[in-house]
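K.L.:
Each chain, letter by letter, is given below.
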Amino acid sequence: MVCRSSVTNRGTCRISRRAFLKQCALWASLLALPPGGAPILARALASGPRLPMVWLSFQECTGCTESLMRASAPDIVQLLFEMLSLDYHHTLQAVAGDAAEVARKATLREYAGRVLLVVEGSVPTALGGACCTIAGEDALSLLRQCLDASEAVIALGSCAAFGGLPGAAPNPTGALGVGELMSQGRVPQRPLVNLPGCPPIPDAIAAVLAYRVAFGRLPELDERLRPHAIYAETVHERCSRRGHFEAGRYARTFDDEGARAGWCLLELGCKGPVTRNACSTWRWNGVGNPVESGHPCLGCAEPGFWDRGGFYVPLAKAAAQAGTAESDNAGAAVYDSRCVYCHSADAGALRTDPDQVPTLLRSGNISAHRFELDDTEMRALVDYLKETR
Amino acid sequence: MRILVWLFSVPLALISEAGSAAPGYSVHDLNRDGYLNRSEYAALRAHCQAHQDVRGRRRCDPTRLLTFELLDADRDGQVGELELLNALGWRHRHGAGWHD
Chain A
23 MVCRSSVTNR GTCRISRRAF LKQCALWASL LALPPGGAPI LARALASGPR
73 LPMVWLSFQE CTGCTESLMR ASAPDIVQLL FEMLSLDYHH TLQAVAGDAA
123 EVARKATLRE YAGRVLLVVE GSVPTALGGA CCTIAGEDAL SLLRQCLDAS
173 EAVIALGSCA AFGGLPGAAP NPTGALGVGE LMSQGRVPQR PLVNLPGCPP
223 IPDAIAAVLA YRVAFGRLPE LDERLRPHAI YAETVHERCS RRGHFEAGRY
273 ARTFDDEGAR AGWCLLELGC KGPVTRNACS TWRWNGVGNP VESGHPCLGC
323 AEPGFWDRGG FYVPLAKAAA QAGTAESDNA GAAVYDSRCV YCHSADAGAL
373 RTDPDQVPTL LRSGNISAHR FELDDTEMRA LVDYLKETR
Chain R
8 MRILVWLFSV PLALISEAGS AAPGYSVHDL NRDGYLNRSE YAALRAHCQA
58 HQDVRGRRRC DPTRLLTFEL LDADRDGQVG ELELLNALGW RHRHGAGWHD
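Protein chains in written order, with this note's numbering: chain A, 23 to 411; chain R, 8 to 107.
The set of hints was computed from the structure by calculation and includes no laboratory data. Take every hint as true, because none was put in to throw you off.
If you want the footprint, here are the derived chain R segments under chain A, 3+ residues with CB under 8 Å:
(1) 31-43
(2) 50-56
(3) 84-95
Computed from a prediction, not measured in an experiment: that's the story for all the values here. Idealized CB from N, CA, C, for every residue including glycine.
Make a model of the complete structure from these sequences and hints.
P.N.:
Okay, here's the thing in structure tokens:
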């Protein structure tokens, strides 16, 4: 049953060499490696040193772990965990209590600077971290300790990457993603890979781990620190219902003829056109995705997806609603989010002539105004200041 | 002309509020020590909540304010100008998502 040993002729294994090579080819394809990438991946995985890994679970539902554990090819997961030394995992570890914490500390000490850290779930920062404590320590201090000993961190799932459900408004626990904490300097900076999704696709998780083990570095990332190859396209671009979209055939309700015929779900609130993920190409477990099952894409891999209007509100309508709200409140939003920290909470008390504000802000002479407003925001701010007089 | 140039170069916070010549960077710095502490920030939040314009709307929306914890990056219990600018800069770069 030792998967890796079959590849290295050291014993018996459930996974055949053919299946192993096939899986390496799949991962290489998912990561957009060049043609020679799969054999390199296979060789490295068969013989590379095991990588120490610590897996932290904070504010989450364990769905990301479940996603990986429920992979359609369990032997592949087994193989993965032979490449990795999973020394601490709240859900999977056999030990509990003090023994688990001793194991974590020993790993961090023994492999200082070499640990691959996986974070699942968001980190609460409000109320002194009281909303999530493990073994008497709050999540933020646990994260700091583990990051100190880590060479890189993978933020697994939308909660760890962007705050997810715990970070949805009004965010009572002050939940933040790992990247946000690093940006604010509240945890040590380490190379970070975001793997958003609720949950992420199992093969995407496995492929990134395999890439790190095989090549000793992290894959190429996009502007949101997501693996570029996996999150390059929107769900809409390769959607199996795309033909119906092109032909203008939309399901209007969940039980109409269009829905039964598999027509496009855009009118039912599908967020596929604005959601970057590999759901349409790789599918969850290679089997399907929500859209193929008749449900609109919720946009779960995008930041703040819980707060972007109703899941079943069509994109065009949501955009129109947002546009109306924005035009009403845009100036107030600019003032409240930037100006009010230094100026009066009552914008009407600002004595400066609103028409002079753009010149003043863009003069470069006011040190506190180093952030830039684009023309739309500036116009909205001026209009708002005039309105409040 | 020189007076005009000088006026344009002085931080807006120092010259623009009615009758206030606040030291430091914020008119909410009530003890004038150059920092916003927790109680001063709470007062700003409360003022936002209470203050209404002629239409009965809140002039300032407290849900748009960052939490004190987010602003106080070095966790010394007070927010300096640089901390504020870094926090706002981060918010500006990362777009949506307000924390109450």
